[in-house]
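Chains as they are written, first to last, in my numbering: chain P, 1 to 388; chain U, 1 to 388.
To be clear, the hints were calculated from the coordinates, so they are not data collected in a lab. Computed from a prediction, not measured in an experiment: that's the story for all the values here. Built from N, CA and C at the ideal position, the CB exists for glycine as well. Any given hint could turn out to be false.
[As the list claims (entries may be wrong)] Computed Cβ-Cβ distance ranges for the label pairs, DEER-style:
no.	chain 1	residue 1	chain 2	residue 2	range
1	P	285	U	385	16 to 22 Å
2	P	135	U	376	26 to 32 Å
3	U	33	P	136	49 to 55 Å
4	U	152	P	279	53 to 59 Å
5	U	86	P	136	51 to 57 Å
[Said to hold, decoys possible] Covered, in the sense of this in silico footprint (three residues per stretch, anywhere, with C-beta under 8 Å from a C-beta of chain U), are these stretches of chain P:
no.	segment
6	49 to 56
7	90 to 104
8	108 to 122
9	141 to 155
10	197 to 204
11	253 to 261
Here is what each chain is made of, one letter per residue.
Protein chains: 2
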Amino acid sequence: MRILILGGDGYLGWPQAMYLSAQGHEVMVYDSLMRRHFDLENGFDSLVPITTPQERVAAWKEVTGKEVHLRIGDTRDWTLLSKAFQEFQPEALVHLGEQRTAPYSMMDREHALFTMDNNVLGTMNVLYALKDYAPDCHHVKLGTMGEYGTPNIDIEEGFIEINHNGRKDTLPFPKQPGSFYHLSKVHDSHNIMFACRIWGLRSTDLNQGVVYGIETEETKLDPRLATRFDYDQIYGTALNRFCAQAAVGYPITVHGKGGQTRGFINIRDTVRCIELAILNPPEEGGYQVFNQLTEQFSVLQLAELVQSTAPELGIEVALEHIENPRVELEEHYFNPVHTGLLKLGLQPHFLQGAVLIGMMQAAVANKDRVDKKLIAPTVSWRKTDNAI
Amino acid sequence: MRILILGGDGYLGWPQAMYLSAQGHEVMVYDSLMRRHFDLENGFDSLVPITTPQERVAAWKEVTGKEVHLRIGDTRDWTLLSKAFQEFQPEALVHLGEQRTAPYSMMDREHALFTMDNNVLGTMNVLYALKDYAPDCHHVKLGTMGEYGTPNIDIEEGFIEINHNGRKDTLPFPKQPGSFYHLSKVHDSHNIMFACRIWGLRSTDLNQGVVYGIETEETKLDPRLATRFDYDQIYGTALNRFCAQAAVGYPITVHGKGGQTRGFINIRDTVRCIELAILNPPEEGGYQVFNQLTEQFSVLQLAELVQSTAPELGIEVALEHIENPRVELEEHYFNPVHTGLLKLGLQPHFLQGAVLIGMMQAAVANKDRVDKKLIAPTVSWRKTDNAI
Chain P
1 MRILILGGDG YLGWPQAMYL SAQGHEVMVY DSLMRRHFDL ENGFDSLVPI TTPQERVAAW
61 KEVTGKEVHL RIGDTRDWTL LSKAFQEFQP EALVHLGEQR TAPYSMMDRE HALFTMDNNV
121 LGTMNVLYAL KDYAPDCHHV KLGTMGEYGT PNIDIEEGFI EINHNGRKDT LPFPKQPGSF
181 YHLSKVHDSH NIMFACRIWG LRSTDLNQGV VYGIETEETK LDPRLATRFD YDQIYGTALN
241 RFCAQAAVGY PITVHGKGGQ TRGFINIRDT VRCIELAILN PPEEGGYQVF NQLTEQFSVL
301 QLAELVQSTA PELGIEVALE HIENPRVELE EHYFNPVHTG LLKLGLQPHF LQGAVLIGMM
361 QAAVANKDRV DKKLIAPTVS WRKTDNAI
Chain U
1 MRILILGGDG YLGWPQAMYL SAQGHEVMVY DSLMRRHFDL ENGFDSLVPI TTPQERVAAW
61 KEVTGKEVHL RIGDTRDWTL LSKAFQEFQP EALVHLGEQR TAPYSMMDRE HALFTMDNNV
121 LGTMNVLYAL KDYAPDCHHV KLGTMGEYGT PNIDIEEGFI EINHNGRKDT LPFPKQPGSF
181 YHLSKVHDSH NIMFACRIWG LRSTDLNQGV VYGIETEETK LDPRLATRFD YDQIYGTALN
241 RFCAQAAVGY PITVHGKGGQ TRGFINIRDT VRCIELAILN PPEEGGYQVF NQLTEQFSVL
301 QLAELVQSTA PELGIEVALE HIENPRVELE EHYFNPVHTG LLKLGLQPHF LQGAVLIGMM
361 QAAVANKDRV DKKLIAPTVS WRKTDNAI
């Protein structure tokens with residue numbers, strides 16, 4: 001199958017591109033290199049060294065004999081984007097081509113508007129490109145579990161049947177996103193649902209939990225094929241930051257009480273979930289939603305897990321609660337349904353044990369690359385002008 | 001009270017500015033003149049002649065002795081927008097400053113992205129301006145009943161209590177908008193709700209029905225104070241188009257079966273509703289929603305109303321069903337709650353009788369200005385490249 005991957009140079013995009021290439025698909029990566037630009041903008045770098053996009057693709061060919069096509073372009077650039085659709089004629093589209101973190105979107109007005117512009121208007125270009133040049137292509141879009149927020153009821157997969165005053169309807173699950181980034185994903189979901197309805201496109205919206213891990217069957221083949229490991233305050237998720245903190249003997253810092261509970265998924269399962277989604281398109285005009293997570297943890301549980309695992313690497317690490325830079329509930333109900341992808345055949349890989357030890361070993365092996373001053377949060381949700 | 005009106009030169013904005021000025025408020029109009037530009041772009045014009053923004057403001061001063069401050073600027077222009085906030089220090093903000101029709105947003109990719117950019121990113125600038133320069137200002141934002149779509153349950157005012165698997169929560173009412181314009185308003189609503197939550201802003205979101213009528217106490221004072229009467233396929237609502245069709249003896253054209261049912265409100269009630277909203281702000285951090293409509297009609301009911309009223313003006317007019325250019329249900333349940341503004345004191349003015357006759361008389365008086373070829377729909381929801 002011809003599969004176009006928007007954002008195929010990113011943390012998930014690159015392992016996804018290799019995985020699908022390994023399964024025998026013809027893969028084209030389309031990426032603006034925005035994520036690499038953010039490193040330059042803020043003085044960040046991946047904890048595990050990564051090669052350039054060109055070196056990655058060349059190494060993949062050298063190691064496996066398989067070709068991944070590479071195009072540098074932005075979803076906001078209609079000329080380049082529509083050209084990629086016309087020339088490659090994708091049968092499936094994996095859309096990871098967005099600014100992907102909450103703190104970046106909350107830095108200041110400029111970064112908030114950039115996130116909205118890039119994600120929402122970029123995705124609108126994608127929808128028009130599908131309609132005009134690849135109307136039968138199955139659009140697999142990465143959303144986030146953060147779109148739902150933390151309602152006091154079970155979170156269904158995209159839709160909920162509501163009984164009200166003696167009548168009923170199945171409606172989009174109400175969303176309560178917690179940052180301009182998460183809002184941009186909610187807007188995407190509404191726009192995509194509409195495009196399917198009016199133009200007959202077919203889309204799968206994957207509301208993904210927090211992804212962890214850096215190792216897949218393909219990244220293991222050669223160090224030049226490694227994917228990113230972000231530990232900074234903007235792009236590093238809590239688990240990654242905790243691993244980096246443990247590696248350098250810096251106390252593990254929990255935001256607030258730490259009762260904030262989220263869904264999680266191993267990167268090995270992410271690449272498989274996206275393949276399962278690709279292989280199971282909805283009908284023409286259909287818009288289906290899966291919640292893409294396999295476990296759930298509170299921030300405090302993650303911190304304690306890293307702390308209790310550290311001695312296996314000969315490390316002792318303290319745990320501290322710091323002021324929460326976000327505006328969010330620190331104790332809440334959280335029970336998302338996530339059966340759709342399991343029914344399609346997903347066999348989960350869980351965090352505890354070898355996977356977590358592997359992540360911490362990677363952090364320890366690269367501990368000289370940790371810049372401690374990049375870990376502590378300076379971006380506050382309450383301010384509109386946050387310096388890094 | 002110092003009241004800033006974004007979009008204060010438009011169909012609603014100008015009568016709103018005069019009304020609030022007449023009540024003794026200090027009013028500043030901030031407008032990009034976008035609506036006038038759309039006339040130039042597409043060869044449209046108001047059926048009832050209107051004066052320039054500068055002439056309007058001068059005439060208002062001449063007739064009433066009251067001053068309305070006028071600034072030409074775009075919400076997307078942060079420098080001008082933030083300057084207006086800093087210099088005028090508004091205590092209330094009426095936000096009508098958006099691209100306001102569905103067909104315009106569905107013309108093609110460029111118009112869709114323009115609508116999203118202008119409305120969503122413009123409103124994000126407004127939220128940042130409020131936070132940075134007028135955090136106590138009450139933000140009264142015009143949304144639309146079209147945000148809800150046509151669910152098979154009663155439509156509540158913004159929020160709905162959902163009972164699910166033995167638990168309950170009050171959540172944002174699920175939205176199913178039917179055009180990129182309506183989507184942009186849904187995105188605004190989500191963004192505003194979030195800004196209230198994290199920054200403590202206070203906002204009222206008015207989900208307004210279709211507004212009809214051109215006469216308020218203030219527009220009547222002088223012909224130079226008139227507001228727009230749009231009858232074209234892009235900016236003219238069904239009722240306005242039907243009045244224009246009757247005036248020139250062109251058959252009244254109903255889209256599809258005509259069972260599409262929507263909420264309606266008289267322009268006299270709109271200006272009063274917005275005042276009522278201004279006078280009843282939510283608490284700090286509060287986000288409240290009112291459904292701003294007083295009656296509901298199907299498209300076919302409106303057509304028959306115009307047809308049956310026409311003989312009172314000595315006109316006979318036929319009625320035709322044409323292919324529906326939109327993708328929408330033509331028969332559906334529709335029962336929106338709209339008690340919030342009534343409880344605040346709204347006394348509705350209804351359509352039938354003198355108001356409708358007045359609208360039809362205005363159309364007849366200006367029938368030489370009707371360009372028949374602008375009435376028939378050419379913008380189809382199913383296409384991505386619509387010529388006008």
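Each hint, compared with the structure:
no.	hint	in the structure
1	P:285 x U:385: 16 to 22 Å	holds (20 Å)
2	P:135 x U:376: 26 to 32 Å	holds (27 Å)
3	U:33 x P:136: 49 to 55 Å	violated (43 Å)
4	U:152 x P:279: 53 to 59 Å	violated (33 Å)
5	U:86 x P:136: 51 to 57 Å	holds (53 Å)
6	49 to 56	violated (count 0)
7	90 to 104	violated (count 0)
8	108 to 122	holds (count 7)
9	141 to 155	holds (count 4)
10	197 to 204	holds (count 3)
11	253 to 261	violated (count 0)
When each numbered hint is compared with the structure, violations occur for hints 3, 4, 6, 7, 11.
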